[in-house]
Amino acid sequence: MSIPSLSSHQPRRWTRRDLLDVSRARKAQGAARERQERSDALRPLTIARVEPVIIRNPPRPIAFDEPLELPPVGDLTGGVGLWNRLDHASPTRFKEFEQAVLVKITTDQGLVGWGECHSPSAPRMHQRVITDLFAPLLRGQDARRINGLWERLFTTERVRGYLTGAQFEALAGVDLALWDLLGKALGLPVHQLLGGTYRPAQPLYRGIGGSTTGELVADAKAAVVSGMHVVKMSYRKGKGTEDFDRVAAVAEFMKPHGQVAVDSLGAFKLYEAVQVGRRFDRLGNVGWFEDALLPDDQPAYPLLAEALETPVCSGEMLNNRFQIRDLLVSRGADMVNPDVCRAGGITECQRIAALADAFNVLWSPHVSTGTVLYFTASLHLALATPNCVIMEGGQKVDGPLGNALIQTPIRVEKGTAIAPDRPGFGIEWNEAALARVTVKDA
Amino acid sequence: MRRRRFLACSALAAGAAVASRPCEAIGRLEAQPDVARALRGTGPLTIKAIDPIVIRAPRDGAPPEGPVSLGAVGSTTGGQGVWNRLDHASPSRTPGVEQATLVKITTSQGLIGWGECHAPVAPRMQSRIIADLFRPLLVGQDARQVEALWQRMYRSERVRGYSTGAHLEAIAGIDLALWDLLGKFAGVPVYQLLGGAYRTRIPTYATFSGTYTGRDQGKVVSEQARKMAASGFTVLKLALRQGPGSDELETVKALAEALAPNAQVAVDALGAFTLNEAVRMGHELDRIGNIAWFEDALVPDDLPRYPELARAVDTAICTGEMLSTRYQFRDLLMQRGADMVNPDVGRAGGITECRRIAWIADAFGALWAPHVSTGSAPYMAASIHLAVSSPNCAMMEVYDGNKQDGPFGNALLQEPLDMGPGYARVPERPGLGVNFDERALAKVTVA
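Read top to bottom, the protein sequences are chains A and B. With this note's numbering, the residue at position 176 of the first sequence is 176, and numbering never jumps. With this note's numbering, the residue at position 187 of the second sequence is 187, and numbering never jumps.
Hints should not be assumed to be uniformly reliable.
[What the hints assert, rightly or not] Example chain B residues on the side facing chain A (calculated, C-beta under 10 Å, incomplete):
| no. | residue |
| --- | --- |
| 1 | G71 |
| 2 | T76 |
| 3 | S156 |
| 4 | M228 |
| 5 | L270 |
| 6 | G271 |
| 7 | L275 |
| 8 | V279 |
| 9 | L303 |
| 10 | P307 |
| 11 | D437 |
| 12 | R439 |
| 13 | A440 |
| 14 | L441 |
[To be verified] If the Cβ cut is set under 7 Å, some of the chain A residues that face chain B in the computed set are:
| no. | residue |
| --- | --- |
| 15 | N57 |
| 16 | A89 |
| 17 | R128 |
| 18 | T131 |
| 19 | P136 |
| 20 | L137 |
| 21 | G140 |
| 22 | Y162 |
| 23 | L163 |
| 24 | G165 |
| 25 | L270 |
| 26 | E272 |
| 27 | Q275 |
| 28 | D296 |
Keep in mind that the hints were calculated from the coordinates and are not lab data. Backbone N, C-alpha and C define an ideal beta-carbon position, used for all residues, glycine too.
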């Protein structure tokens, strides 16, 4: 459209329509200018620095290996008879502390993107993967080539078989930072880059705790009051303990509201899981039975899923689309819960969600210990996928590594999370708060 | 004391037809009074310190994170037509240097065990895992509980899904050191602890590293391979990562014909192919004949398709160096996806795990051959100990000819490993039989 000049010397009568045209044209011009600015932002985003930042809360100085805990050699599961066997599944814990590795990528124009690796126990492992293996290969590259860079980092050790573990958590952290950078460069939220949102807000659930049945039910009640319809509790013991009664009590309480999900963190053998799962079937409102088996026992999942009515869920222990493919091809899960900060980041989890969708399987982001960035990145992907049903981490924003670390809080209302419309993930650190939980000289 | 020493010496001498001066080895150990006490006592053998040591040769002025190189984003395979697609398999390299992460475990009695992680790129990853995660879980434990400590390490991150990669390489390094300690503690070589040797020498095959393009280079490789076959190797392994009509395939063909009937050619694709490509290449190899095996045709994440390849191709299918833990091998073998497996003792979880892998392979009637790539003596020796004590071990790899001639080989040792063309002899000294020359070791230590 050509714009009629208002300063023309030719006498002319201005109609209302002309004025509207002018106004429209100016808007269009403004939009064009904005587009031009954006395409300016689309110049190469050359990576200048890749820095892992170790986060710990409470921020007490302590040696990295000091508070690491694992049950003693030969510890047993503690059930009765056959149920009292060698514990094969209790992992290391980092007592009293919550830890994470943030990844800060700076371009030579000074634009900064942030990502996060899930790294609860020994975060300097992830730091080392990033400083020694990934950073040298990323420096000087164009940060916009997320696909190519993801592939590049994956290929570093693919044929050496590095398909899981800290390698993938480190890859996830870098991937998130690249998506954050791209969003910031384009002035768009990441969920928009992923194709836009399916829903205005993402339903959340959270884990409940308590040492007695009463405490557990009270915590479930608090979750329901906050607007949630699903809570998750741990169940790792077999016959001869009171644990099942606790699940039954919470299930009973949740009946009018929704479901209780049960997480076993790999505690069971197949026959144990079938026996336990049948009891969940009878309760009727167990939302899902999560990680009944070890990741090494993945070929047994189809047998479990076939035996049970309760939906079988696994995925937080898996790290890439290939593992999830094998699980889904064998119909081993009704729902998968990959972790965005473990299973290769947004890039890989987007593919995992699409793969699950191709099998008509739901997915749910696993969100464990870490910062509000982890929660928010998961939220962006959750909202942009059709088959995401619910997301973990319902209390994340309230914790010490939650909204306390950022300038504009992530909104959680009535048990749902609302994605920020700010560029990238929409995380703007409160520098002072972040500095307090940053481990210096790590 | 004297009687015990006599017994130890005679036991070693009896167990070994060609013991390399076993009594001297024991004598040297007993020269350390603390160690002698450990040998006499019944333990516990308490772990006092675990030190990961990164070695690099030649030791250049590179920063501690070392050099890393990789093809550019979007690199393609370089074949013709559909054979020219995105390269999905060329890994990172550290050009011009060899690297490894050694593990030194010291007990409170002063006994020292040495292990090694296969760590060709970014070896400080493995050393960090050992220092931050495994050291605190192992210090104070009884080193003799090798099985239980393996389980302890594996369990640390098991439900977080850490089943491959540097994590298992770090476990492998510690596991090797624990076996070395146990052997020294018992005063016998590790193969004896594994149930004894089927043979004192294991046949070795020679791998030519890297790819080669251009006919001249192919000729050079063929010349060398022929010389090595003449010197005693019965299998020569070449890279084959390019499609039909490539110089690589021509080189393989020419060499296979030249070596028949006295020696065979094995080919290694290092995950270069898709299934369809692999089947077509497999048929080419079938036609050539005299191919010992077709190795790592697919990437490890494509493991479920190995059975299709194995059914389609007559040439023996081998994979395993890219796998870690018995679980991956179980899945492969259950589906009859390999005729032979080649786990790496310094990667797949050490002697403890590779022994189980060998047993699983045996239960499926599959052969195995230790993958041995760049690295130093504990890695080499551990592979030999396990190989000689395993019924289904076919042969062992040696990389670029005899690595014992290289900077990580006998140059670092007080007593050389006996490895010649086509064979490796199992050391008869206690433990893995690796005694480092600490001064030589210090010269290649970088972190």
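A quick look at each hint next to the structure:
no.	hint	result
1	G71	holds (8 Å)
2	T76	violated (12 Å)
3	S156	holds (4 Å)
4	M228	violated (25 Å)
5	L270	holds (5 Å)
6	G271	holds (4 Å)
7	L275	violated (14 Å)
8	V279	violated (19 Å)
9	L303	holds (8 Å)
10	P307	violated (13 Å)
11	D437	violated (28 Å)
12	R439	violated (27 Å)
13	A440	violated (25 Å)
14	L441	violated (22 Å)
15	N57	violated (18 Å)
16	A89	holds (5 Å)
17	R128	holds (4 Å)
18	T131	holds (6 Å)
19	P136	holds (5 Å)
20	L137	holds (5 Å)
21	G140	violated (11 Å)
22	Y162	holds (3 Å)
23	L163	holds (5 Å)
24	G165	holds (4 Å)
25	L270	violated (14 Å)
26	E272	violated (16 Å)
27	Q275	violated (20 Å)
28	D296	holds (4 Å)
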